[in-house]
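**Q** Now for the letters of each chain:
2 protein chains.
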Amino acid sequence: MDSRLYVITGHAFSKGRGLEEVISAALRGGADCIQLREKDFSGRELLEAGHLLRRLTREAGARLIINDRIDVARAVDADGVHLGQDDLPIEVAREMLGPGKIVGISTHNVEEALAAERAGADYIGLGPMKPTKTKLDTEPVVGPSGVLAVRQAVQVPIVAIGGITAADTAEIIRNGANAVAVISAVVGATDVEAAAREIRGIVDRERGNRA
Amino acid sequence: MDSRLYVITGHAFSKGRGLEEVISAALRGGADCIQLREKDFSGRELLEAGHLLRRLTREAGARLIINDRIDVARAVDADGVHLGQDDLPIEVAREMLGPGKIVGISTHNVEEALAAERAGADYIGLGPMKPTKTKLDTEPVVGPSGVLAVRQAVQVPIVAIGGITAADTAEIIRNGANAVAVISAVVGATDVEAAAREIRGIVDRERGNRA
Ligand code: NI
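For the record, the sequence lines run as chains A and B.
Under UniProt numbering, think of the first position of the first sequence as 1, with each following residue one higher.
Under UniProt numbering, think of the first position of the second sequence as 1, with each following residue one higher.
Next up, chain A with everything else stripped away, as it sits in the complex:
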């Protein structure tokens, strides 16, 4: 799971713009992984959005990850699922999705990161980096220093998440994150494509600098 800019959908933060418009712009700007995460969507709405995102990500050569719903991930042939600590466990996702699919897990500290790695996660979400507007996570803030601590503890790719903006990205990547995940910094930007391009550029630069 070698993504660099991981964009999570959030229609509530998209300033009334449609999913296709917003995510197409994010992909043009360099998002290489899209997570469908709409907690108030019905199964039917998730399926429709998932099919749309599957088409857009395929065209862009990007990955598609579905939050929580393994059944939806399978139905739209997503590249994988992202599971929270309270969602179905990783073994269930593996069995249901079959080989070659990505399973990521939200973590909030070294202990959860180690457990996720042991359970065979393909990547871990780690956050929140800052208090977030999107209430993605109500756990205590991990922050960029937490990335450093988790990087020293695990080998699994780290996708930092939670309140990240372009201004935070360099430090987070320098501290050992492989990627940053964003919602409002990209889907809530006036110019979505430019916002994605800026953050992606910082990740590329900092990862290039990493020996």
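Treat the hints loosely; a few may be bogus.
Identical chains share a label here; the pair holds if one copy fits it or two copies do between them.
[Stated by the list, open to error] Straight-line C-alpha distance at most 25 angstroms; calculated DMTMM-like pairs for lysine to aspartate or glutamate:
{"id": "1", "residue 1": "Lys39", "residue 2": "Asp86"}
{"id": "2", "residue 1": "Lys15", "residue 2": "Glu38"}
{"id": "3", "residue 1": "Lys101", "residue 2": "Glu38"}
Bear in mind the hints are in silico, worked out from the structure with no lab data behind them.
Model the placement of chain B with the ligand on the given structure of chain A, informed by the hints.
**A** Quick look at chain B with the ligand alone, frame taken from chain A:
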């Protein structure tokens, strides 16, 4: 899908009693199909409840159906899923659960019943029979007369649902429903086992009377 008394879980209506206590009593009273439906449960909580219900229903020789979540149904080896009109479509459930599993669909009128039958549903939920306390369904009331109309239109088994009590059961079965589904009339009863036994007895009697 030849069930007679279909009991849907609802921890909010169970008077503070635990799932095991309530459902064990319902099974003793003659429930032959249990549906796990807890809209505010996390995936992990659904999995735990599903495993518990799988054990109880196996011991009782009853069926277990999971509401909405095909992934949870598969994870606990349930007998099937129950899908609403806004949930994932029947073909997705069939593909993901494999052969021999039950797929039921909520319907509210002749048109939806016909569509569900054409799509290959193993049974249809039909309701609401009355306005319900449990807000299971906010559609217009179908009522016992609606059962008659749908029975004349489709062959697929009909599970009537929505506000049903012992007092309504005979008419509903006489009008052609194969089973009644209840939440509060059983899980909210002071004596759950007795409440289940009473309704099951009425279904058995009326189905015996049906030529
Ligand atoms: Ni979290």
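**Q** Give a verdict on every hint.
**A** Evaluated hints:
Taking identical chains as interchangeable, the C-alpha atoms of Lys39 and Asp86 lie at most 25 angstroms apart whether they share a chain (14 angstroms) or sit on different chains (14 angstroms). Taking identical chains as interchangeable, the C-alpha atoms of Lys15 and Glu38 lie at most 25 angstroms apart only when both belong to the same chain, with a minimum of 15 angstroms there against 32 angstroms between chains. Within a single copy, Lys101 and Glu38 get their C-alpha atoms as close as 21 angstroms, which meets the 25 angstroms cut-off; across copies the closest is 29 angstroms, which misses it.
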